[in-house]
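Next come the chains, spelled out residue by residue.
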Amino acid sequence: MIRRHPSPPLTPVQVAWLGALLASAQWPLWSHLLIWNAVAGAALVVARVALPPKWRALTGHRRWLLPLLALAAALGIRTELGYFLARDPCVQFLYLLVGIKFIEARDARDGTLLICLALFLSLTQFFYLQTITAALSAVPVLLALGGTLASLRSGIAAAASDWRAQLGATTRLILQGVPIAALLFLIFPRLAGPLWGSPTETGARSGLSDSMRPGSISELSLSDAVAFRVDFNGSPPPQAQRYWRGPVLSRFDGHEWRAVYKLLPGRFVSRQVRPIEYTVTLEPHGKAWLFALEHPSGLPRSPTGDPLAPTSNDIAYLTYDQQLVAKAAVAQAIRYTQRSSLRDSYPGTDDNPRESLQLPLGNPRTLAFAKELRGRVDSDRAYVRAVLDWFHNEPFVYTLSPPLIEQEPVDGFLFDSRRGFCEHYAGAFTLLLRAAGIPARVVTGYQGGEMNPDGDYMIVRQSDAHAWAETLLDGQWQRFDPTAAVAPSRIERGLGAALPAGELVPYFARLEMTWIKSLRLRWDAVNYQWQRGVVGFNLERQRDLLRDFGFEGARPWQIVAVFAGAIFIWGVLLLGAAQLRRSGVDAEVALWNALCRRLARSGLARAPEEGPLAYTRRAGRRWPQWAGVLARIGQRYAELHYGPGDPKREQKLKELKTGIEALPRSRTLNKASRSANVVTAPPETIE
Amino acid sequence: MTTLGIAGLQTQARSWRQRVRQLVWRLAPGDLDRIVLRHSRIYILPTPRGAALLATLATMLLTAMNYALSLGFALTFLVGGMVAAALLATFRNMAGLAVAPLGAGEAFAGGDLEFNLSLASGSRQRIGITVAGRQGLPNSVDLAPGATRPIAISIPAPKRGHLGLGRISLSSDFPFGIWRAWAYVHFPLTGTVFPAPEAGAPPLPPGHHGSYVGRSSRLADTELAGLRDYERGDAQNRIAWKAVARGAGWYSKQFEGTGGGGVLELHWVELPVGIDTETGLSRFTAWILSAERAALPFSLHIPGTVLRTGQGAGHRRAALTALAVFPPASAR
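Top line first, the protein sequences correspond to chains Y and H.
Quick note on numbering: the first sequence equals residues 652 to 1338 in this note's numbering.
Quick note on numbering: the second sequence equals residues 80 to 411 in this note's numbering.
Isolated chain Y, as found in the complex (with noise of 0.2 Å):
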């Protein structure tokens, strides 16, 4: 009707709509996007709907000018990111451009193009969080979206009033929709991979990196943040021997350790001591390595798959200092079973001691320090021991909030200041063994982790981040962890046991367990559950959901035919099997029918002619004890089927029902006249 001609113009009613619609999508980007883009793309939303029409009019004389804003824009995002061509940027571009968009909308052809700009936007906001509050924020769309839909096509008719019964519709729609939502996420096929390009970010995550200088892991743990979550198959193991493994460290420049990357492959421990086997939830935090407890005995894998080809999907590789390296950045929360054994130390493999035994220049005081100490013993088992004694019985201090130290860090450390975290102790006593001669390297990680009463899993926070030490001794790298030395209860019971009072320990890091405390860990709990039913669905998820449902091996076309057989019963159930009649009749028709045909088998046909009235008053005579009855059933059908419409149909459907109803059966009707004794009529004429 109206298409042939040109798009009708916005009304007031649609304009509202749009813009409930436009915010619901904008609102959960707000955390995520340049402070400036989040108010203005905002503002143009509400000043679109808020503004008298004068205002906007500044706007339609002059075109040009949404064209250079959205340029201005895009300038500014590329200035301030310093790249266009990616992920980020396009989202901060398309949330602007919808409030662009909005505010030069003339007609219904570009309430589409915003109603589409909307509902990809509202995608986006799952880049950066898949939480279940995430997932909430979009419900508010979805009822925006079925209002907006339904005013543009309704155009002026749609009273703004009605908007309470518009979310009702849509609400059921919704509603009704979601079967078919179900089946699809579950069924439908997802990748091993992406598509196109890679989906991982350079957006900062928090978490380990490969390289530690003084602070960086203090400031870390000062983060509630979950770094990953753990399953255990059994008991979980003492606290004291949690020690995560992460990014092994080996070059020092005097300030800084970082990571060696070398391409050999490791060895795994061997299984003297039983492993345990426990489950990793590690959440995305951007790099390559895994978690495991110390040291792994086999491969990571798949927490479904079959135990007994531990191969068949390996997503890491161990490498020559048993770290477990993922084959691509963890980019999504993943999830891989992992067995240990739990030992201090592993084989030396053949790789060069060499790189563990590299000094920088500079730090005078501790490479002398370490001379003269390891003259004073005959070994360097007795070397080791007597450092870590040092570090026990000088005056060191753990503290979360040690001084900087610019110049000298580890001897202004050693013999100054003598106030560190974990990095410190770790870093120097490294550089103690060094200057020794003896192999060594930092390990870092996370230690420790506390188990969630709610749901029976462990969880492991940025503030559980540790850093060790290693060193070669017997041709065994042995575990040693200074921080122990100076505080043990960090180790045997945690950060928030170990720091002194009056410092700031991080929330959950405290020992004791407030109400608070455990409301936050019953929601981490369902957030887990979250994660790992929802937001974990992946590839191996579904194939095991197909298994456990006998579709092992289905072939595509018989997973297709599936979702359509359901789709038919959906479609079915929704619409009513009478919908589906071929030929339908209405009500009454039927139930007219019905009686014709009774009557029939009563010896009474109705004449192809004859009306009902004129029927219903002539077996009104054959049957006269159910005359008034029948005369009521011809009077009610005569008006529901030949008369207007009428508002009490139902009723009177009803009643026609309840008449036909009371009529007896066919052999009663003609035993109950004979009984009353009347003469069968002879065959009457037609009135």
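Derived by calculation from the structure, the hints in this document are not laboratory data.
Source: prediction; values computed, not measured.
Misleading hints may appear alongside valid ones.
Claimed, not checked - According to the in silico footprint, chain H covers these stretches of chain Y (three or more CB under 8 Å from chain H): (1) 689–701; (2) 832–842; (3) 940–950; (4) 1025–1037; (5) 1095–1105; (6) 1178–1188; (7) 1219–1227.
Backbone N, C-alpha and C define an ideal beta-carbon position, used for all residues, glycine too.
Starting from the known structure of chain Y, arrange chain H on it as the hints suggest.
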């Protein structure tokens, strides 16, 4: 024999194909009575807005796949489910709707011919049902549950003759405007288009056989001569309404001079020589209308049709219809 066999096969094949074409497009007026729209008749396709939405969903799906966004899948599928549910809602809005032919009106060529249909909603509320003919403005209605209402479709009538309603479409894009459901219905409704009355036609011709008397006596029409029994076709302004109101029965007033020899006779042969047929028909139309206004009985003599003297709406319609379908099929 062989040729015959092949010919028979071809006929059968064509008729089969024709039957499918009729089922799909309803090009022939095959719907004789009330039609209840069912799934066999209802088509659904996305509107342009729906197509844009589906394209957006496809893009979202690709994005969710590439970035392995589980919640991206969830959002896409939720919107997809809503779109699918909207499809069913659009279908439900149409299914069970009953449409019946009521009748066709009359028009003069160049005007609009109005056809009347009746829409019955059945047990469900119907929103935004648009009824459209081949041409002319579509008509959009809402129907309450159990409601029946007439709906008129006007179709431009440029030429005299019979004009069929042709195939009409009933459509709706309720609730979201992303799906459009439509059904074709083809009733054998035909209306008559009379020739357009000639603009600036000459005055009524003098009647034969004392038509001057007729004209003069028509001036004395005010003198009531008496009543006679009403006959079908008598002009409404001649009915003795007072008698009807009293319940005395139906009578027509007889005036002095009417029904006598003073009648208007319209003869085709007396049109000016060289006048073309259409102009002649238009002139006759104009004259018949003038005669009707003047309450003057007339007779019509055109090739193939002779209408005896008479007056009233029925007579007028018969005369105009004869002009509309000129030349009559028998004379062709």
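- Coverage claim, chain H over the stretch 1095–1105 of chain Y, checked by counting residues with Cβ within 8 Å (three needed): This one is violated; 0 residues, fewer than the three required, reach chain H with a Cβ under 8 Å.
- Task: Closer than 8 Å, Cβ to Cβ, for at least three residues: run that test on the stretch 689–701 of chain Y against chain H and report holds or violated.
- Result: With 0 residues closer than 8 Å to chain H, the stretch 689–701 of chain Y misses the three-residue bar; violated.
- Item | Stated coverage of the stretch 1025–1037 of chain Y by chain H [criterion: 3+ residues, CB within 8 Å] | violated (count 0)
- Query: How does the coverage statement for the stretch 832–842 of chain Y fare against chain H, requiring three or more residues with Cβ below 8 Å from a Cβ of that chain?
  - Reply: holds (count 7)
- Message: Taking 8 Å as the Cβ threshold, is the statement that the stretch 1178–1188 of chain Y is covered by chain H upheld or broken by the three-residue rule?
- Response: holds (count 4)
- For the stretch 1219–1227 of chain Y, does the count of residues with a C-beta closer than 8 Å to a C-beta of chain H reach 3? The restraint on the stretch 1219–1227 of chain Y holds, since 3 of its residues have a Cβ under 8 Å from chain H and three suffice.
- Message: Please check whether the stretch 940–950 of chain Y has three or more residues whose CB lies within less than 8 Å of a CB on chain H.
- Response: This one is violated; 0 residues, fewer than the three required, reach chain H with a Cβ under 8 Å.
The structure shown violates the earlier hints numbered 1, 3, 4 and 5.
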